[in-house]
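Assemble chain B onto chain A, guided by the hints.
Protein chains: 2
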Amino acid sequence: MKRALPVPGWPNLLAAIADWRRAEHHLAVAAAKLGREDDEPIDKAGLRAPLPPIWQWLDGSAFQAHADLMQVAFGTERIEHDKPLMYQGMSDRFYGPTEAVSFPDEAHGIDFEGEFGVIVDTVPMGTSAAEAMRHIKLLVQINDWSLRALAVPEMKTGFGWIQAKPACSMAPFAVTPDALGDAWRDGRVCLDLMVEWNDEPFGRANGREMAYGFHELVAHAAATRDLVAGTVIGSGTIANANYAEVGSSCISERRAIEIIADGKPTTPFMRFGDGCRMQAQTADNRTPFGAIEQRVIQQPTGK
Amino acid sequence: MKRALPVPGWPNLLAAIADWRRAEHHLAVAAAKLGREDDEPIDKAGLRAPLPPIWQWLDGSAFQAHADLMQVAFGTERIEHDKPLMYQGMSDRFYGPTEAVSFPDEAHGIDFEGEFGVIVDTVPMGTSAAEAMRHIKLLVQINDWSLRALAVPEMKTGFGWIQAKPACSMAPFAVTPDALGDAWRDGRVCLDLMVEWNDEPFGRANGREMAYGFHELVAHAAATRDLVAGTVIGSGTIANANYAEVGSSCISERRAIEIIADGKPTTPFMRFGDGCRMQAQTADNRTPFGAIEQRVIQQPTGK
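The listed protein sequences derive, respectively, from chains A and B.
Quick note on my numbering: the first sequence kicks off at 1 and runs consecutively.
Quick note on my numbering: the second sequence kicks off at 1 and runs consecutively.
This is chain A alone, in the form it adopts within the complex (with noise of 0.2 Å):
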């Protein structure tokens, strides 16, 4: 995560996930390289998303815990579902892992959501459980920002969000799951991840515990389309049965947590100029995906 180097006829990763049996093997060998012939190094400031606009965002809510707090938090019934939970979002842009986030307005209860999510080369409809892991070939990481005064009316509907998910941000550096090596386990990425809101801890919870692995997440997605090379299919929420202790990925999680306890919410949303930085951290602290540290800002009127 130091150095780099360009990798020849492959102008962005939607390109190479498009023809990944190719694009791996050079990707391998230019990796290979890495720190013994004329490599870069590494601008941090200067990094972007690993992906560019892509065609499809697909994004789970897999982690009971979050479910269950969202519920409180949203004042909503308990979700009937035999089936992952997962809606579609806006996917022409990702934010890069140090850009400003620009919202209109501070009343839409601006709020981040730490997530993991998958990279996938072309999948057939139909594709089972089973066979969808082998479509896995990039892990990423994932602030799924939401305005949560706009979420409720607009999950009444049925519809899904518009208003309330607009872009996201991904952590600079998308992954081989070999990279991962045991904390990469049936289809989860088994990682803390280390969540900070104006420089304080705020979260550190485990991938682990989502109630479908990433595999079913794609069979689901894919039971009526094919899926398009480079969808990018997110975990939902990191949420841990054991928030008591290891917190939360997301401010509204917190405020249910406080509701339970004292009957109503008393952390408020973000303001702008508030910071929130976000990187998975294995058990010998390395941060795989990199950094994920923004600040958020309100959009220039008059635009």
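In case anyone wonders, no lab produced these hints; they're calculated from the structure.
Hints are supplied without guarantee of correctness; some may be wrong.
Any copy will do: because identical chains look the same in the list, a pair fits if it lies in one copy or spans two.
Stated by the list, open to error - Here are the simulated EDC-like pairs of lysine to aspartate or glutamate, each with C-alpha atoms no more than 20 Å apart in a straight line:
{"no.": "1", "residue 1": "K83", "residue 2": "D105"}
{"no.": "2", "residue 1": "K156", "residue 2": "E77"}
{"no.": "3", "residue 1": "K83", "residue 2": "D186"}
{"no.": "4", "residue 1": "K33", "residue 2": "D43"}
Treat the numbers as computed from the prediction; the structure is a model and nothing was measured.
Using the frame of chain A, we list chain B on its own:
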């Protein structure tokens, strides 16, 4: 709609809409040459959707008659909302107008949905409805294929539709609003959509009864996000209050009308082998978008 000319420098319509100011001029110059210079006859069987994969497809549901009937068809509660209804759907593929459309299972309740749509150039976050009108560069006609048996459980999660909304189809010609003359009014495509199912007339509802104009749908979508150039925004299923007279643009509505009249639906959903034809028609019998004319087939197994 009989002759065509390639326009050098513009490989496809997505490239053109991303730089519309320049493209519009080149396309208008080419259009003026049609029938005078070395144009080519259009092979109708070879026509594809006017857009290649796009980054974003946002489908509204702006016809109150459709919303009222779907509530009956689905047995769901009335949707309380003070903003347009909208979900984000699959945008990486639009079937061409004569392509066969494959689904895994007749039991999913295969249904068509006749709609109009608009293609916008870049729309900045916070654009007003009045300003949004200027960003509507092209109009299209869409069949939003739907799997009704999967729709209600997904809708009840609040997350919108993944499995119930596979790829849509698009009529072959995208047209500029001025090409419709008086039939483009108040951000509405005021044309009858002629729908046939297995060569029998099924509906001829008119696009004028939208509760929100397309410019208002665009502004709704752009409230918290920049809309990427080439975003397509749909009207939702075209339906009229006098549905007893004009019929419907989807099977679910006819089933709802049967439920209202007889307590139960009698019209089944589509079977493999069924055909569906849709074309918008002007008062003087022109069909500005061309026709969508497709068969549904069973998704080959073992893919």
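Against the structure, the hints come out as follows:
1. K83 with D105: The answer is between: 18 Å across copies meets 20 Å, while 35 Å in one copy does not.
2. K156 with E77: This pair counts as both: shortest intra-copy Cα distance 10 Å, inter-copy 10 Å.
3. K83 with D186: within (18 Å within a copy, 41 Å between copies)
4. K33 with D43: Within one copy, since 19 Å is at most 20 Å while 51 Å is not.
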